[in-house]
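Peer 1: Work the whole structure out from these sequences, hints included.
Those protein sequences? They're chains A and B, same order as listed. To convert, note that position 158 of the first sequence is 158 in my numbering; the numbers rise steadily by one, no gaps. To convert, note that position 161 of the second sequence is 161 in my numbering; the numbers rise steadily by one, no gaps.
Note that these hints are calculated values from the structure, not bench results. Treat the hints with care, as some may be off.
[Claimed, not checked] Computed list of lysine-lysine pairs in DSSO-like fashion (alpha-carbon distance at most 30 Å, straight line):
(1) B:K236 x A:K150
(2) A:K138 x B:K375
(3) B:K211 x A:K150
(4) A:K150 x B:K187
(5) A:K150 x B:K238
(6) B:K375 x B:K69
(7) B:K259 x B:K195
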Amino acid sequence: MSGVGPIEPGEGTHAWAPPPAARPPRERAARFRTRHRRAVLATTSATALAAVGAYLYVTRPEAPPPPAPPPPSQTVRVTYLGPLGAEATPTGFRFTVAVTAHSGPQVTVTRISQPYEGLSLTANPHPPFRTRTGIPHKIEITMKVTDCGKVPRNAGLPFLDVTLRNTRAIEAHSFILGERYAQDLSDALQVACSNEFLPSPKPDNTPDKGLGGLRVS
Amino acid sequence: MRQRSLIAITAALAAGALTLTACGSRDGDGGSDSSGGGTTVVIGVDAPLTGDLSALGLGIKNSVDLAVKTANKEKFVEGVTFKIEALDDQAQPSSGQQNATKLVANKDVLGVVGPLNSNIAESMQKVFDDANLVEVSPANTNPALTQGPDWQTKKERPYKSYFRTATTDAIQGPFAAQYVYNDAKKKKVFVIDDKKTYGAGLAATFSAEFKKLGGQVVGTEHIDPETKDFSAVATKVKSSGADVVYYGGEYPQAGPLSKQIKAAGANIPLVGGDGIYSADFIKLAGATATGDLATSVGAPVEELPSAKEFVANYKAEGYKEAYEAYGGYSYDSAWAIIEAVKKVVDDNNGELPEDARAKVTEAMQGVSFDGVTGKVSFDEFGDATNKQLTVYSVENGAWKPAKSGTYEG
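Peer 2: Structure (structure tokens):
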């Protein structure tokens, strides 16, 4: 023991009451909630609703974007119409085809060619030209023999290569024009390359046959 | 109490909103395979589901399965639930014929998709035709199946119940010849086939056109499809001086043949038809397959906008096997049957008539719809009116489209 008792406040002295202890934060929040419970609930509800609303907005079903147009080769048909003139020319073959875009956006024909060595090709109208959907465009094709040793005198399914362009793609596509075209081409090439060959009998391929309703570009 | 009410209202609002959100997000999901009603219509499938050609066969089966599920989900034919019965022909004509008999015996079968192989179709056609049961092949390319044995001189349809969505070899062979001669600039070909209906027929139509164009056939050989040793043929190819090989047959033989030709020292491309257009060809042929070519029916499915949904749905269904060369055509074949059934049901006050098979066969001739592979309809022979072909080349271990063509005759 030290013999020293507790110090008592003397005269003129003042034992200051300790300052009120700071309320713990939890208690303060609880008190705040108690006082403002309605406001807190309203705010929480508004926040939750806003969050739900935002989620709904972000995940809302959207109208699908318009589908991309099909590639031009899937919408365009090239149809053999027949030879131009009753007989083949001495140096080549003139004929007409119809180019028709059946659906989708406008298609531009950028090139018409043929794959055979020994032949050259010109088209009228000269590419590039545009087609209007649903309207057949009549194209005059002239093939000239440049080397008889390299022409396909009897091709079964000769091609016409056409390069097409629309808003989706540019495509080089082969159009196999069928047996009538093959026969007419073969006959013409036989005539152009050999005096000994005569055209074989062929079906009635009058130039105007089947041209009703065609629009010349 | 009022505060509790407020909490309850808020919770209810949030729950309701979340429920609505969940409902909205289901749009476009696969959904359940719900039943369409009380009548069951079975679509049969015949294809090689086991063996060397099973990659193509399983692609056919899965694609038909997808069409059936789609029709049921959409309740496309009110009151009708479609089911699939798939049988394995093991690429054997005798098995194909047995399968045809089995499918005919099931009265619920109103249409069949298949087969893969033309020689198997030959064994099935009469069985189906006698029972008025319609058959739509996604893959047969032999012209005689629709245009008769004398198709080159006189086209005559042998069976009114047979249809196909694939283009024929009357176009495929010449198309390949034109590409090889004009675009690939190959002038000397060695022609090999497996002696089967498909392979020999395709090799013949290729050779005829190649010669007409001025090309030279410097050698021909037949192989035995039961063997995988083609070293003797490869040596002949090497010594022939050919600058290209054309093979009429299928990928189980074409892959090793390509590999062995290159190993013999002839570094020239092998070209084939739709029978080699498979990822398995590249696996079998190995790294030296680069530059090999194949023609196949139709435009590349992946490039067709109409095929996007098919490709996505096929993936979503989680099929283990790829849809391969004929997936889109198989889906369209099955859908053609579904369309024909719908027409028959609609014309009969919403019910199947007694002579449903005959009526479905009759309706098939007039079917027309926008399918996975484009417009689907049939000409007077039962052939697809959509006659497109594509040349593919092997690049970096995969088939890449090189050129497409459309027959407009």
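Peer 1: Can you list which hints this structure breaks, lowest number first?
Peer 2: Of the numbered hints, all hold.
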